[in-house]
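Engineer: So you can see what is in the structure, the chains are spelled out below.
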Amino acid sequence: MTALVLLDHEEGRIRKSALSAVTAASQLGDVHVLVAGDAAVAQAAAAIPGVTKVLHAADAQYAHELAEPLAALIVSLAGGYDQIIAAASAVGKNVLPRAAALLDVQPIPEVVSIVDAETFVRPIYAGNALATVRSFDAKKVLTVRGSAFDAAPAEGGSAPIETVAPATNPNVSEFVAVYLSDSERPELESARVVVSGGRGLQSEEKFHVLEPLADKLGAAIGASRAAVDSGFVPNEFQVGQTGKIVAPELYLAFGISGAIQHLAGMKDSRVIVAVNKDPEAPIFQVADYGIVGDLFEIVPALTEALN
Amino acid sequence: MKIVVPVKRVVDYNIKPRVKADGSGVETTGVKMSMNPFDEIAVEEAVRLKEKGVASEVVVVSIGVQQAQDTLRTAMAMGADRAILVLSEESPEPLAVAKVLKAINEKEQPGLFILGKQAIDDDMNATGQMLAGLLGWGQGTFAGKVEVADGRVKVSREIDGGTEDVSLALPAVVTADLRLNEPRYASLPNIMKARKKPTETLKAEDLGVDMTRRLTVVSVAEPEQRQAGVKVGSVGELVEKLRNEAKVI
Ligand SMILES: Cc1cc2nc3c(=O)[nH]c(=O)nc-3n(C[C@H](O)[C@H](O)[C@H](O)COP(=O)(O)OP(=O)(O)OC[C@H]3O[C@@H](n4cnc5c(N)ncnc54)[C@H](O)[C@@H]3O)c2cc1C
Ligand SMILES: Cc1cc2nc3c(=O)[nH]c(=O)nc-3n(C[C@H](O)[C@H](O)[C@H](O)COP(=O)(O)OP(=O)(O)OC[C@H]3O[C@@H](n4cnc5c(N)ncnc54)[C@H](O)[C@@H]3O)c2cc1C
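Top line first, the protein sequences correspond to chains D and W. Residue 181 in full-length UniProt numbering sits at position 181 of the first sequence, with consecutive numbering throughout. Residue 223 in full-length UniProt numbering sits at position 223 of the second sequence, with consecutive numbering throughout.
FYI, nobody ran anything at the bench for these hints, they're computed from the structure. Source: prediction; values computed, not measured. Careful, some of the hints might be misleading.
Here are the simulated lysine-lysine pairs, DSS-like style, with alpha carbons at most 30 Å apart [what the hints assert, rightly or not]:
no., chain 1, residue 1, chain 2, residue 2
1, D, K277, W, K231
2, D, K16, W, K247
3, W, K247, W, K107
4, W, K145, D, K206
5, D, K16, D, K53
6, D, K206, D, K216
7, D, K206, W, K241
8, W, K2, W, K16
9, D, K16, D, K216
10, W, K32, W, K197
11, W, K102, D, K139
12, W, K197, D, K277
13, W, K145, D, K16
14, W, K197, W, K102
15, D, K277, W, K247
16, W, K247, W, K32
17, D, K206, W, K231
FRET-style restraints, in silico, Cβ to Cβ [to be verified]:
no., chain 1, residue 1, chain 2, residue 2, range
18, W, K203, D, D278, 42 to 52 Å
19, D, R134, W, E205, 20 to 30 Å
20, D, S76, W, R184, 38 to 48 Å
21, D, D278, W, L170, 29 to 39 Å
22, D, A47, W, Y13, 38 to 48 Å
23, D, E11, W, R18, 39 to 49 Å
24, D, D30, W, Q225, 35 to 45 Å
25, D, K206, W, K16, 29 to 39 Å
Cβ atoms here follow ideal geometry from the backbone N, Cα and C, with glycine treated the same way.
Next comes chain W alone, as it looks inside the complex:
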């Protein structure tokens, strides 16, 4: 079984995002970019399934600008076998990404797609569900545990009140939550080896996908900033303030 893992290049999670002065978006030039942390978890899961003998090949795909090549290389250094870069403008919408991935499915015929549950830049939490819809496949979103057996995948999902287990027919789509695994660091020898792994470059147009945006950004603004309050010296003082000043207890 082949596994395809879509990976997105995003502003590194350690960087505090800054809104551009003209309100058109968030500053990304000159900012450290990394693989979306949920996608590292997705890659790790796919590589582990390969190490267990469940998967035969792990293919990573990124849709975006040329620099997404770095993200794909990181994924290959973690153990993915090869990569596909689909060139488009930066950060296309989930609907367009899902359509590109559907076209990739026709080409690659994987048994499983594993995505991150959400990208930490736009926080949409949508692409995996949309891909599963377009393919008519089952979806195991917010996965905390994944077991493949007998032509099905059992997914333990993180839900609001606890966890839920579902069983899906293969092929299927899984989206990774934080507790699925702890991704490995790519070792230096593996980083070197990854350079020799193949990357195929395509254009979104060549796949016949209409990338037109359905949403337009009217403006991007900073939220109202909270002011730091006061430090109090004792528990007694805290209780007094909560009672009489904030009137919250």
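With the rest of the complex left out, here is chain D:
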């Protein structure tokens, strides 16, 4: 069996969750990867051990990984594959269901475990239940959750690179612009430590209190929906059911109450620390270590204590 993995990338780098998708695909059989746009990324993809072929879609229409042309391309290539797989990233979630519909396949999103070639486990209801589902479709279309599979190593392989012919572009969409937050910090979804803030941070200015602590721990910064909705931080910081799913070694939650939608995004972290002034806050039910108190005193003290 051979799987085709859509390897998505940002600013010339392969997304870490896409490397996790390669690991998931290799549990099923041979792995080919598809890189849209950036030739340097196609080169890098060839070095991933376990990848036996890189398909490079060099045509300009693929440069921004727009769903409409990219899904059409995947459909044109799908004949040779048993599975089409991508990370459950913004790109994977945008492109794969569209390709699946064109292939008359019901996609299986956010797979966290592969039982066999037909059977997959995925969380439902904000992770409050795990459904094991079997697919009757001849071809499987899956997105996989990065936090559930180790990333494939970046070096060691040497797969051939083949340039693929463009498919007919439906020509209904145009890329206009992208605004990426320029951060020196690690990527939220793959960081070893995440420092997260909620409504308890009170304002955009006060949210900065978390930064020296994050610097000290080499951590990414995350947030609850309430903090994002209140404008303390941009949307890409949101952790939860409808934001990013993270599973770092250490997750520190400050001024976050612990709604199920937030827990859905972080409860698989190895160690959870919660700081909240309300001793009854539900976040304490999942925290390994909790401190009841004012975060505006505790955060600076903790930063200091790590010196």
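Guided by the hints, dock chain W with the ligands onto chain D, whose structure is given.
Structural biologist: Below, chain W with the ligands without anything else, positioned relative to chain D:
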């Protein structure tokens, strides 16, 4: 321009879902059901486009059991003009829903479909993309901002690293993310008025759509529960535990 908004009836987001004892699914009987929160945002956006004069009519559609009528009424109380209920078993798969919506498109010919980005029960995040694929239209998923002008729709999308703007030819499909707007509450007079708004009831079979499931649920289980840990009295104690007990710093 007409806008069609598909709305799904789901377990209310305030309810903690419970897995059925026989492992066949999540308990939905006797549980409070509401409109999927993302669909409230989708309805709000459509109603605002109508209030701005961009849209002429807002039609809401639900595919599911008879009780989805309540969800449609809520949408009409928020300002949708009329509703279509397509009867099928509860919670059909996105592929089947997309096919039903494609049939609705033939009947209604809207300029825009606005869906929620994901339903909070099955968390598939798929239906809008699939509908756009079947129709061959552009898709503006995870929308944080929507502007209609000159026969196109510009959508600002929430992506992993920030935001992305795309421009789509109309007709198109948009899926609503959390920051698109804050949905209004239906006022009592509007709830009363909604009762007089028309609902057309169809059957999925009548639309010629094959609703056969492609996935079968083998089992549904509770995930491993995390045990609550300890509360520590000081920052010093926390650092000591993180270093020596958890060995994580
Ligand atoms: C469809 C839908 C999707 C959602 N998706 C997500 C999602 O992906 N992610 C997400 O996070 N939420 C999501 N939510 C929202 C979720 O339900 C909660 O509303 C949200 O997580 C609350 O954020 P919070 O904990 O920061 O705020 P609150 O619940 O208001 O909690 C603030 C906490 O801060 C504490 N606090 C205040 N001041 C201090 C202080 N000085 N020191 C210490 N503690 C203090 C308070 O005691 C309180 O516990 C979603 C909701 C819906 C309906
Ligand atoms: C009570 C229940 C019973 C189930 N039974 C089975 C079963 O027996 N076998 C099985 O394999 N699976 C079953 N499932 C799973 C189910 O078939 C689907 O996988 C799931 O409901 C579809 O995903 P979603 O709604 O999360 O779609 P998403 O793609 O996340 O939905 C996105 C958007 O699409 C629109 N939308 C989606 N569905 C509808 C709808 N019905 N009407 C109008 N608009 C809609 C809304 O705008 C929504 O915001 C069941 C699920 C539930 C909740």
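Engineer: Indicate, hint by hint, whether the structure satisfies it.
Structural biologist: Status of each hint after checking the structure:
1. K277(D) <-> K231(W): holds (12 Å)
2. K16(D) <-> K247(W): Given that 30 Å is the threshold and the Cα spacing comes to 25 Å, the pair holds.
3. K247(W) <-> K107(W): Violated. K247(W) to K107(W) sits at ~62 Å, over the 30 Å cutoff.
4. K145(W) <-> K206(D): holds (27 Å)
5. K16(D) <-> K53(D): holds (19 Å)
6. K206(D) <-> K216(D): holds (18 Å)
7. K206(D) <-> K241(W): holds (27 Å)
8. K2(W) <-> K16(W): violated (37 Å)
9. K16(D) <-> K216(D): OK: K16(D) and K216(D) at ~23 Å, within 30 Å.
10. K32(W) <-> K197(W): Holds, at roughly 24 Å.
11. K102(W) <-> K139(D): Roughly 23 Å separates the two Cα atoms, so the pair holds.
12. K197(W) <-> K277(D): violated (48 Å)
13. K145(W) <-> K16(D): Distance of about 28 Å is within 30 Å: holds.
14. K197(W) <-> K102(W): This hinted pair holds, its Cα atoms lying about 24 Å apart.
15. K277(D) <-> K247(W): It holds: about 26 Å lies between the C-alpha atoms, which stays within 30 Å.
16. K247(W) <-> K32(W): The given pair, whose Cα atoms are some 43 Å apart, is violated under the 30 Å limit.
17. K206(D) <-> K231(W): holds (25 Å)
18. K203(W) <-> D278(D): 42 to 52 Å: Once the Cβ atoms are compared, 50 Å apart, the range 42 to 52 Å for D278(D) and K203(W) holds.
19. R134(D) <-> E205(W): 20 to 30 Å: holds (25 Å)
20. S76(D) <-> R184(W): 38 to 48 Å: holds (44 Å)
21. D278(D) <-> L170(W): 29 to 39 Å: violated (48 Å)
22. A47(D) <-> Y13(W): 38 to 48 Å: holds (44 Å)
23. E11(D) <-> R18(W): 39 to 49 Å: holds (43 Å)
24. D30(D) <-> Q225(W): 35 to 45 Å: holds (38 Å)
25. K206(D) <-> K16(W): 29 to 39 Å: holds (31 Å)
In this structure, the earlier hints numbered 3, 8, 12, 16, 21 are contradicted, and the remaining ones agree with it.
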